[in-house]
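Asks: Top line first, the protein sequences correspond to chains D and W. Note that my numbering has the first sequence beginning at 1, numbered continuously upward. Note that my numbering has the second sequence beginning at 1001, numbered continuously upward.
Since the hints were derived computationally from the structure, they do not count as laboratory data. Worth double-checking, as some hints may not be accurate.
Stated by the list, open to error - Which residues of chain D face chain W? A few of them, derived with a C-beta cut under 10 Å, are:
hint, residue
1, Val82
2, Arg116
3, Ser143
Since the model is a prediction, treat every value here as computed from it, not as a measurement. The beta-carbon is built from N, C-alpha and C at its ideal position, and this holds for glycine as well.
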Amino acid sequence: MEERFYRILDKYEKGDGNIISLLQDIQAEFGYIPEEAVYWFSERLDLPPSKFYGVATFYAQFHLKPRGKNIISVCCGTACHVKGGTKIAERLQKDLGLSSFDETTPDRRFTLEVVRCVGACSLAPVVIVNNKVHSEMTVESTSRLIKKLVKEE
Amino acid sequence: MGEENLRKVIVRVCIGTGGLAAGGKEVIEAFKKAINEFCVDVELDFTCHYQKVGCRGFCARDVLVDVVDRGKSVTYQSIKPEMAKRIVVDHIINGKPVEEWLIDDSYYAFHEKQVKILLKDCGTIDPEDIQAYIDVGGYSGIKKVLSEMTPEAVIEEIKASGLRGRGGAGFPTGVKWEAGRRQPGDTKYIICNADEGDPGAFMDRSIIEGNPHSVIEGMLIAGYAVGSREGYVYIRAEYPHAVERLKLAISQARERGYLGKRIMGYDFDFDIKIKLGAGAFVCGEETALIASIEGQRGMPRAKPPFPVQSGLWGKPTVINNVETLSNIPYIIRNGAAWYASVGTEKSRGTKVFALTGKVKNTGLIEVPMGIRLGEIIYDIGGGIVGDKKFKAVQTGGPSGGCIPASLLDTPVDYESLAKVGSIIGSGGMVVLDETDCMVNIAKFFLEFTQAESCGKCVPCRIGTKRLLEILDRITKGRGREGDIELLEKLSNDVKLASLCGLGQTAPNPVLSTIKFFRDEYEAHIRDKKCPAKVCKDLLTFYIIEEFCKGCGACLRACPAGAITGEKKKPHRINPELCIKCGACYDVCKFDAVRKD
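Bound conformation, chain W alone (with noise of 0.2 Å):
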């Protein structure tokens, strides 16, 4: 039989963050291997091709694999390697899906209210191969463009769109462009800032690894409109198949003539750069960046002049975040009427996040803005697991705040955000439970803003040092009177007097926690308890004798030897010797071991 035939079947597996995490590359390589012991024996009446992409989203299931086989696609969860064989045997073998293994409800439901302008094509398409990209429309926006549009034309159609900065701040992207523009001198240049350094944000990272040629075609399009030649990509380090995936997209786009001399015929040149960051929060900020692309210490510095008037090398600098760039050839395709079409009139289009924490159906969204958080925790993350108690949502990262149950019907918007005390950022969304300590999250957060502060200005480094130690003697049982007033004041401080960005949402996490969560504060300060039981200084660890079987699982998981007890009888823990880690809270599956 010859090749033409066969029957064509693809199977598409999710190699994106958490697909290959969770061992996308061993499932593809299991269905080849299950196919290939077939051959064997039986002359195969298909063929199979294997199609990689980029995230789908639903990273709670992963890995994800689509199996396309007599015009039919099915989507199976939660596949392991070991159950290729079977998928080959029943269901493209003998024609019958294996049920059981198949999609949910759930998916449907994490799906339903989202709208996918940008992770439509990054679960679907082949990221490392640049025809899958030209075949859904991809390199048409610059092509257009190139033919039909001038520079200024092409930043009023930005405006029109609303489309604001992804990466937090929420600045004009087409009033950013402008300026650029009007910059007098021949050398600008276009900066991809892709040093997602937010704790628990990842999309940019996806949306890199899944669609890496529409943030290339952005640049693309950035750099005509301003009138640059020269793009860097400043990506972390910490990053490596992000890293890969966009060298080899600009390697595949300076081929086929999208990168370089005279774009596809026309008097435009335009090249890029990949420069690695070397692990520095503070590199996100616009000028800390610059100085970390030149070689230097990444230090922010005063602004005006703003890069755009004195940046890289002193020259006009746009900078741009990735979420940003990959809307701009989405838009300049459908035009800025239908994308200024999907949010809120202040907030246009849609906007990508983090869903994490303690929700059922963890992963990447696209939502529309305006959504409510509320939609966002139960509708599509499908609630809390264990279904615990909801107690807040941590949205920016460490510049923004949490937001309790009592405003879950907050519309998800810069403005409306701003206006609870937390903000849009790059879009983290850490889903928090009963059983997280507010303090100890405030807490967490300036542990790590104080880490990451450059030392520059006096505010931020001394000023995040001091408000961690009042937070660590909270925490600790040696909370004072009066220190919430000190922490809001000091707080309001650093704000008002740090240099950049990092300093002056720094206490974010801090002021928000005290407004909403004042009463953990004061239990901490003045019970010396921690309400969620997670502080340990604050706790004892101790065996419940009727409840316990003597199982010795704490026994044996207590690192410290401070358990004791016989076989099938009540085992107890010595207090001095008690370390306080929860490793027999953990195993005891009789919920014998208690906390208090």
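Isolated chain D (complex conformation) (with noise of 0.2 Å):
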């Protein structure tokens, strides 16, 4: 893990020097902020972790715990809540048993996720799975795309 840290700092010192930067680079790295990089970056760059959490809790990009194998982003920007974004999260919630939205499962394998809108109002709603934007969603085909997800797993 160090051998990937290395990397990380000599891409920031040859860089901006800027934190957002460096959290994005870790995240692109391990998919998420682990806790051990924080304590690293911050000894090694004589910054308090306080200010790396700091950025990283107020973006929402960026994640502090492991994320699932598959990202499932439900749109519920203006147009998708509307046309009934919000019900398809709520049904997807209950389907993948989690408590809360933007929440893994035990075994990794799912993340779901809310978002706020991804540029793609004109075909509302819209579910992303793995970085695919499926169009004009409906509970029922969600919950058939979800299970066929499962099965192929």
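Using the hints, put the two chains back together into the complex; each one sits in its own frame.
Replies: Next comes the structure, spelled out in structure tokens:
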């Protein structure tokens, strides 16, 4: 792991010295921000860990816990909301047995998240599974899609 | 036969936001495959060229495909990969277009009242090829500026065009540039704000994806006018395609000498860096955006000093929105008078809107300022889906308001929309019908702003929380007498006392829905009823026996096991188990499931 940290540190020192960029690099490498990464970089860069956590918890993009193998994002922006996006999210939460949105199943196979607008409003409501946008979804079609995904796993 | 003797066929496919999601890339592949299959047996008398273009606007009919052959261009709508083969055989090989898949009258109606300045090139040129932009006059604006205009003359030209900031506030662009130019110092920055965070808006994304070079050229011209050598594009990480296209465009512009040192041989240096946002709505606010580029938590600070005085790294900084910058090359190329001839006296030019929600023709539209709301919804949008009743149009996202049917002849310009309690904002336009609950809509926006409040100032942090709590209890049947007045008072306090635009406008959705739909609030509070039948705590679901055919669709759809009944006999919903998700209501084909 340390080797991977050094690679990121090298990039950081040659780059613009920006904590957001650093955290984005860490997350690109590990899929989330591991606790040990925060302390490792904190020491090397002589910046308090609170500075890292301050930034990481401010922006929605950063995750402090490992995420699932499959990421299911349900858009609940305005257009998707009025066309039933929120209903889809509620149903998926139930189907995946999660207690809230933005959670990962214990086996880390699925992460469900609710996002606020991905800019595909004319195709509302949309569900994004592993970066592929599925348009004009219903509760039924989403359920089918996820069941298929579970089977393929 | 030599290739030069072959007929040239062009297949043009939309790979904008909508086109990609609807399968644009797969459609191109399907065309390639279909044509390759033919090559095996027959020698083709044509060569096929594939053009990928950005958003063409009519996203409701994606994937849109043009076939240009034998001097004629026709457009197909709603094309899926499996339809490619027939178009290749019937149209390209046998010369007979597939009539039933061609665009219909609604396509023409959708475009009739639009005036396309920005979107004209957006849907016709290949965004991944700089030459395509140059061929339609691209980069001639910066050439004109460098060869024959002083920075002051450029500023005068932009002032004369009447262009105002398209990010929402509507501040005159030329005046902002002039203030930037007047600042002392050698180091100044131009920032392109592409942090399009308003839910329901995707204009900036579509412009960057469809015509990225117009934004780069706009930044170059801004840089020259203001006296800046360095620009940043702050763009949402949620827009991966836009980021990729922009990166490609910047590298192509560098290769051709439009970015870098001594641009086009003139004494002017300018380069652009991309900064990815990390998902915070408040970073659309100028001072928060600057903090974010500097790597900090994106929290706004008090103004003055304004960014134009002290911005990025404490240097004078001019921040313009994507659409604003994209307008610049067209204004320089065609002249301020040409631009100012479109629109109204105080709001010149065109505005791009994302028309979504319950209208038939959803998509990206560009209209002259001053067009009536009703023309957008009924003439361009084709009216309401399922011919339901129009209820309101929400403009300006979480900072805007809802405009009711009685005000549909309001002209769309900065002042007129402000007068009816809404704003143009960045350009989201979400149409609501009779099945939408206005209290729920207000609550939806407050959930958003409350979650996105940065927490720095108390009125916004706590005010939005309290507003949301009151709205929440109203939608759950626990509203109290006096809640409406409390919402109004609190809203006005939050507006007055908040530090930045987020808090100052967050109560707008509440105030405008109370203003125009007070009766809906009263029904929730006094009668514990939701007239639009949306707020599920105020509803009960039941099945009307004589309508129920016993098909079992609802039973299978129910995730709570609340429905019982034998095959071909009326089913029943157990209210104790019902979670009111509405799944049964949505699947019933016989109108037997009711909610009240």
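Asks: Verify the interface restraint on D:Arg116: the C-beta must sit less than 10 Å from at least one C-beta of chain W.
Replies: Status holds, d = 5 Å.
Asks: Does D:Ser143 pass the interface hint, meaning its C-beta sits closer than 10 Å to a C-beta of chain W?
Replies: 9 Å, holds
Asks: Report holds or violated for the interface hint on D:Val82, using the least CB-CB distance to chain W and a cut-off of 10 Å.
Replies: Holds. Min distance 6 Å.
The structure shown violates none of the earlier numbered hints.
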